[in-house]
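Given chain A, work out where chain B should sit, using these hints.
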Amino acid sequence: MASTGCFIIVSKNDIPIYEAEVGSAAKKEEAAHQHQFILHAALDIVQDLAWTTSAMFLKAVDRFNDLVVSVYVTAGHTRLMLLHDSRNEDGIKSFFQEVHELYVKILLNPLYLPGSRITSSHFDTKVRALARKYL
Amino acid sequence: MADPSASYLGKTLIEEISPVVMVLGTPLVEDSSRKNGLSFVDTLRPFSLFHDIDVPVRTASDQPYRLHKFKLRLHYASEIHQPDVEASEEHLKNVVTRASDVDTSDLRSDPPQIDSLLEAAESESLPSWFQIFNKELIHIASFSEHEAFDHPVACLLVVSSKDEQPINKFVELFDTNQLPSLLSDSIMDPKILKHYLLLHDNQDGALETDIKMLTEMRSTFGSNECRLLTINSAEDGSTDWQDNPWIPHKIDASISQDLGCLLNMDDINEMKNFMQDLASKHIIPHMEQKIRVLNQQVSATRKGFRNQIKNLWWRKGKEDAPETSSGQMYAFNSIESQMRVLGDYAFMLRDYELALSNYRLLSTDYKLDKAWKRYAGVQEMMGLAFFMLDQSKKDVEYCMENALSTYLKLGSSGQRNVTRCGLWWTEILKARDQYKEAAGVYFRISNEEPSLQAAVMLEQASYCYLLSKPPMLRKYGFHLVLAGNRYYISEQRKHAIRAYRSATSVYKGNAWSFINDHVHYHIGKWYSFIEIFDVALQHLLEVVACSHQSVATQELFLKDFLQTVQKLGKAFEVFSMQLPVINIPSLKVLFEDQRTYGSVGAVNIKESLWKCLEEDMIPLLPAARTNWLESQPKLSKNLKDSNICVAGEPIRVEIEFRNPLKIPISVSGASLICQLSAEPESVESAVVNQADNNVDGNSSATVFQNDSELIKLKRSWEQDAGSSFVLSEVDFSLGGSETTVIQFVVTPKVEGILNIVGVRWKLSDSVIGYHSFDTTVLKKKTVKGRRRGGQYAKSPLKFTVIKSLPKLECCIHHLPSKAYAGELHRLVLELKNRSKFPIKNMKMKISDPRFLNAGSLDDMKIEFPICLEKRINSKESIVQPNDVEGSNGLLFSFPEDCVIEGETTFTWPLWLHTSTTGRISLYMSIYYEMENSSNDIRYRTLRTQYDLEVLPSLDMSVHVAPCPSRLQEFLVRMDVTNRSSSESFLLHQFSSVGHNWEISSLPPDGAVHPSQMLTAGQALSCFFKLKKCNDLASEGMPSSTTLHGSDVRLGPHDSEKALFDISRAPLANFHSYERLDQGKSIQGSSNVDFILISQLKQNASAASDPPRLFSHHSCHHRQESKSLIHLLVVGYNGVQETFSHEGCIIVLPIVLRNMHDACVIVVIDQAASQVDVRGTALPSNGNVWNPVKNPREITQGTDGHSDICISFSPPYTQTLTNAIWGSSTPGHLQLEDNSMTRSGSRTTTLTPNTYKASRRVIAWFYHPSHGNWKRPNLARKARFVTINNLN
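Residue numbers (this note's numbering), protein chains in the order written: chain A, 14 to 148; chain B, 26 to 1312.
It should be emphasised that the hints constitute simulated quantities derived from the structure, not laboratory data.
Predicted, not measured: the structure shown is a model, and the values here were computed from it.
Simulated pairs of lysine-lysine, DSS-like, Cα-Cα distance not exceeding 30 Å: (1) B:36 - B:96; (2) A:72 - B:418; (3) A:72 - B:434; (4) B:461 - A:72.
Bound-form chain B, shown alone:
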């Protein structure tokens, strides 16, 4: 460790614990000094510090040593008393306030960084006023009676030469009662060293009389103790001090220029000599002598074993003495006082060993006497002596701790000493680099002090933490905050701010939210107190968006913030304010280039869906790898990395705003900030421009200078507002913790390059917030990923504005939002061209033609639903639904000559059929080309999307069963259920589709369900007859070519209402889509489709409305039957026969129909047949069919999988005699799939009778691949054959 006396504390001790010289002067002396603007003491003070006095000193030991640095403390006698508490506090306050003016001039600058603080701390450039303050604090505790080093060692009596009778004056000066209480109360030895000085003011005359007077004095007071001092020798104000020696000693602010103006070099030299003589020739020898005398006394009475025993004994006897801590227990001549004086003198003359030994003795005495204040004082001095001797740390600490705690125990009387002791202790610790401990001591003494002193102590503690190794930054910050708090309490706002500001460097960027809020909030508030509003707002801004605080705190923060903004008196602009929070990833840009949108919903549909829909509608361009633009090399470079928008068409930007607070906030005038630069002259300049923008973007992402960014945004806001584009302004309010999406609109008016830079809003009508869209962040996000997969990542906020283009607006009239299933609507598509240019070549594509279909212009001519009704001359209306099949039926081209002129509207009918229930989204894209396609964009598409909700209505199911008696006829059962919740339906018409089917009611001329009404929940079954009207020749034709059908009217038979034509568009179209939807089209005419047409029963109030039509489609019905082969024997009701020759030959035609898909071989064995005689009138023996052959065994081979053999075999072997069967067809019949054949069966009878051709068994066999024979299904067909005898 370095020499302790070289440390700061060592130097301080040499200055502070030094002999006090009491100065007594006459008023005239003061007058003379005042001419220089100084008191007499102040005049001499610069010369009382000797840097190299070089005096040999010999104290108790015989070994002399030399003193180099030495100081005398000059005080007026009136100053030698304990300073007044209030005055001293005032004084301290002045010190601090003055420091605040000097120190806090840079309040507007940025708070210091932690690194620079550490550097500053290491180079010890801490605020210098701490030392001044500490010194003042120590001075408060001076001139205490319990310590001797503040007691005057000598007395300097000064009389002016102008005084009358100077000798008497000298005597008077010392004898008056104005002597300090230390002397008058006999706490110290009144026999003090006196020195007499005669002051001569050169301006008042010559020296002669003074020299005379001096000799007189010398004869009176002794030759050595008298002296003459001449001052004011200089001419009037002529002396101009280059290096004024008084200025460093004048700590008061009033430094006047003429300090010492009347003193010239001679005067100064004289003063110097005088002071040096006083110190070296009078004071030091005097002290030496006194030390020696006292030391002898102490050794005689206290040292040695005997004295110690005696002392102990004697002390014990004194234990009963009253316990007074600072009473007049020890007069100056008591041994304790003398020891103290001895110790202090030795300390002052730097014989620390001697001092220490005396203090040791003394401390035990005081302890025994329970004189705690004195004890503490002695302990304090011991600690200092230990320090100066550079002895063990432990001793120092023990002593200082002892002293401090003892002072603390004393309460208020020891308070000042606590501070002094603590300060010394901290200095000791600091000198030994024990900063942490020093900080602890500072903190301890700060608790005992009023807030101002405490604040300074705490701040010093914080610096100690900063200086400790390693630096304890968090402690540093904490103590700074504590100090700042105390400063604020003692109304030192600037200091408070300074302390807090320093603390922010510690807390910057940490996650301890309450700490950050506290610090920033208080700094902000205090700044606004001292009316530096802009800085105040910067700090308040930090806390205003505190989501973790309670509601009350949030309100307080916000209120203070807004108040400060108001006090600022002008609009306050903030960059990237956190209130409300902007969710940048949520940013969505909606714009229209060649794709335009007809509805809000359409915008939110995935691009891929649209692309899929428009696939074969928009023209393909050669080599269009990523987009169509690449085919235009001239523009590609420019346009590749920016989106295209059209002048005059709005760009919508959607951003999510979130309120982080629990209290509502209101935002007004929110709008986008945009830049629109004119169209670049050439590609190069555009590229440069682009590059510039890129550079800007990068720098903003990395460096992110808030201020410059703000200025940039502001400039672009002010520059372009309203000139070349139109911005929307949005007002909204956000409730507590609410999130809302706000849509902004910008409409460019001229061509150029549009950049959306940021957003600007007003909070509570006073704070203007700016937020820039950081494009680098956005690029990573898929923002409404138009043209995703492009090679170049584009900024979604950069647009190339091109010349305004025609834009179609689309609107569909009469589109219901709610409909019942099966409902049929005629809609009107209205296209509006607002521009001046015509539009041509329009095409339309609809996502689901099952629901929506384009009609024809003719549909518009007649009112709905009459247009659907059957017309008499239906020739012209046969519409082949051919456009349904082409390109999946999705694309509809408007007629070639269809051109929408500028500023006109165009209408086209659409048909809506709600075939399924549930929520239905319909997408529609209309393609159109511009007449003047000089522009970059030659075509555009208009995308619209509609949602509708479809409720259940009727539920139709159809069951077709073959008619048991007719091969070509079927029975149809239609079950219909009303599934709606409240509505009633009127059934109107039931139709079958296809010209080869004919449907009729059952019974043939009866009315089906006359009431027509089907109420909610009701179910109904109707029966119809279905007849295949064409013969076999028409089979095999594709059934879907025409949709002719036959209809049955439901309801009263004589209804006047016309039937609806299902063979024309749109019903036919919808039907074919239904067919597609309801299943794979199975070839063959055996499938039949049905359409049920009904109406909604309307209330009386809505009677005037057009009826709401419904059509329900049920497709792909097959005639169901269990058997594979249908056989029909056509009988006769009566045959007239004369029986003229042998018998009557009757041909019974057999119709066979194969219901199977495969080819079938049928064998009809006539011999196995038999005929029952039904009648009983004829003789039983003569009218019996006779079998010709025996039943034949089934012999056919195993050669085919699907071979089917049929044979007739009799169940009974009963013989019939009078009828013989014969066959007109070969035994083997090959039946193609689904085909019919006729065969004949001949029989001969002899007698008239009624014959029953039943009991005929057709057995057919299915022959599977494994050769397993299956039990045949039996089908029995019977016909009566009646043969009447004509005779």
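Only chain A is shown next, with the shape it has when bound in the complex:
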């Protein structure tokens, strides 16, 4: 399990619709904005990279010091972004795939407006469980 991690889902309008601090490290107040900064800046890279490949998993696209940003782009251009400091690429890939599945289930909910914030607590617990499993 990685010591630091921040998982975020960004809608196609570049709005974060789900945020979760994953990882064993104690949550730090000041880390929250730093993680957002890094992930937000990485969107620039994702924007370039996403159209160069047909794969959804873009692997590590950006890094800031020892923090790496891995990205998974869904067909609807929703981006699942993970900020992490571990090197477990396979685990990250599996994590992304499973979260993608969860996300699709959220999308199937007729009461969910695509692009709005995901508030489902079920989704949240599932994502955290997946993070514990794979990262």
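Frame of chain A; chain B shown alone:
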């Protein structure tokens, strides 16, 4: 790609990698120069750059080429060493600080927009101080021993003509130990090109002696190397330079006006010539020559296959040598140093091919020797050479990467070179439009630098991201923030703010909340550090309402915000502050025009309910399509789109406030902002006024200029405060995440047009928040939708204030909030007229008259409950409950002469009867007209609403059964249960309603339930006899015309208490409503209603209170019976008969009563009857009734549905001899519905005896439409007939 030498880097390289001339001068030389405010080097510096020197150069190859641009770097010998770290850092700091003063002058202006930034970036107008800073940074790494291009190529020895023995001075100058370490430590060739200059200061005298001296010098040092330079030829300070050549070179701030004031054009020309000669005739040829010599040596020792093998072999042997990165491994005469010198000279003379080939050789050597610093330096130069040759990107990148990583590996000793190398690399990348990569390099080198340099590097990186195609704005923003952070650490606050401010344009309006909070919070804080509080507050305002942050962060933000406000020293005013959040759709306006409200509850009732209630009370106006105003064409235009309110009457506005934070906040002095303009002169001006307002409204909705809006609100606040209207101020505090509804009141005092524009409040006693009510939003909402459906959408916040009108205030006394079911109360309605004008023509309507009823003034005269009691002279009190029936009994008109004068009160009794349990809402609307109806409003309504809770008390049910022995009498069983939880009730009276019914107790003179008491939960049954007292003639009259009834007292028989009169109002009224409520009124007197009157058993403490009366009504009871026809044979107890003649004829009357609704035909067959002889004293043979006829078959037809046939048929065929039946009525009887008839039955007997007329069977048949005959119900009636012999 463009010519690399034309790029910025190319130009820089030509300037930076150029021959160094070491200057050695005597103090007197300096003195002469100082007169111009310049050092000697500075005096010459402007002339050391040649834009078109046009010198032919021939290096290793035989092909000469020409140099155009050329530069000599002049340095004092004392400067030729590695710069001191701290001094240079200080120097850099100065550069940055100076830039911050220049660059951040516009801190108060709005942050740059992203579009303008992009434009600026494309036109390359980035902050110019970056270049200066970069140059300084590169200079820090200069004069390193591992590189040769900083080593002096020539030495310029300068002696003033005033010096004694100048020849000796020249020698002394060079021989002293003050030579730079590069020379003294034999890192470079001490045999350096020397040039001797004799400086003549024209102010000190004539030239003659100097020329003599020059010839002496020439003879000593050689004719070519000596020169005389004359300066300070101008008159005192006369030279005024239009275009001072020194100013661009003086980067220090102290630019004095008299730079070069003593130098005239001749001096300058002389200096120019001197420098040009020095470069073209001495330095360049010297370098050419050296290149050629060195090249020969290198070719001899290193080039060619043999040399390479040898070199490899030889190098291998040296592998054991100690690994030193920068040690004195290579003396100036070693082949490596010479190759380096050769390469650098070639580079300086722009023979990049030659340079490159040497660097290549050298790099392998250094690599083998593990001389990493030198290796890196060579790699760096290779990269530059590749760039200048415009060769493949790959090579450049490979070399630069190599150099950078090698420098990085060296640690602290290579740190400065890292920066320089990185800067060059970034310039290379920039020149090739690889901005993204350049940014990456900037970021890499920023990690190695102290925070200030890092900040500048990061900022440059951010600009690279901005310049990359497509622009990477998010990276740009991120790096700006990083840079700002570093700036802040190195105490460059203005730079920090500048960086963050630029970043805000990227993050503006995005949903990444933590980023926004961070940026705004820091900008705000830093602004407050540099004491620009207003801007600081603008930014802090952005973060102060952050609901997503933790409690600690929210507290911090709020604390900083409030502190900054305090530092501002004056009231801080904010437009549409988000703390607390105002929920505009929740806005509710409560006002009174012709509709006034008596209670809070009444306001919240739906308008439609009121309208329904007032429907037939308020006068209808002709053509009143939408509202009554349209009938007044003069005012309609004005009033149509605004609400009407009355001067002096408050308008209430309810708004919901929400605290977005998790910490409590306190708000004080919250009040509305209103504008009250005077009554417009004419309709037109009003329209114009209105149009203006509309325009304003629109612009505020679309453009929404915060500042102008704020000013507008503020002005209207200051202008009107307290003059023409009164505002309420509310203080409240909101806990974490709390929502509360606040009611504001504004009371206009004069006529005019009132606009409620916004709301104003004070947060924590320091921040004044303003919020305007955006009317366009409100219009869409249904805000307390008065007059909905009007054609014109009105602003709910715009009012036409009209002249003050009388207004009634209403209050109901003695209204309980809790009551038991059935309770009867006398209430007093008090109407108060506070105005001076009288009020007339009042009407009242009550939503449910079952509960509340208007009484009459008489009710007030006598105390309750005595007023309800029966009075002896009850003539006058017969009240026909006629007003109950009219208009559903809802409308009550006060008497015509009822006028409430000004400032008086008026009371009227009301009766309350709580007939059902549960929560009851009573609505009451009082209509009244004004005496002086000159105004727009001629009438008003007062609406009140009351809630009361009704608890269960007694539960009464009545069961009526026909009396078996009497046709007109019924048995009544009353079951009563006390359903209350704790109270006891005293039963008082049980009454039947209607004058044709009479109720009495059973037994007739006994007391019913003497104790009267019914405790909680107790149930009781009482029996009564009900008698129909009127005969058949009174039937068919409507039973509801009068409510006369008869009463039975419950309790002790001899009670003194008076009975209550149920035939008068209000009991009679309530009873009739109960009747209506309990079911459809069924015509006919066969229905009977009962009223139970009881009292609450009161505690001893409350004995003085008036008794609480209850009345329970039970209506529409019918006499129940199973049979369709009642037959009663009236017998006799004794008949005296003499038997003087044949027999005794006895008439037995038969009363038949049809209990059915339909007409019935009854057939009485007398012959079928028989009489039993009861007695045994008489002989059995002589006293028997004899049938005359045999039982007849039932023959009647099938002609009617409801025909019913009755016949008497004997069960036995036993014959009776001594009694004969006869009939006085025809065999067929037609019985109307619910009617009675009498018939006679005659019998004759011969002997005295007691006869029993039983065993008489009445059979009746129901004849349905299908002709099915049903088994008859059998009813047996018996009477004894006793016939006594009188003899």
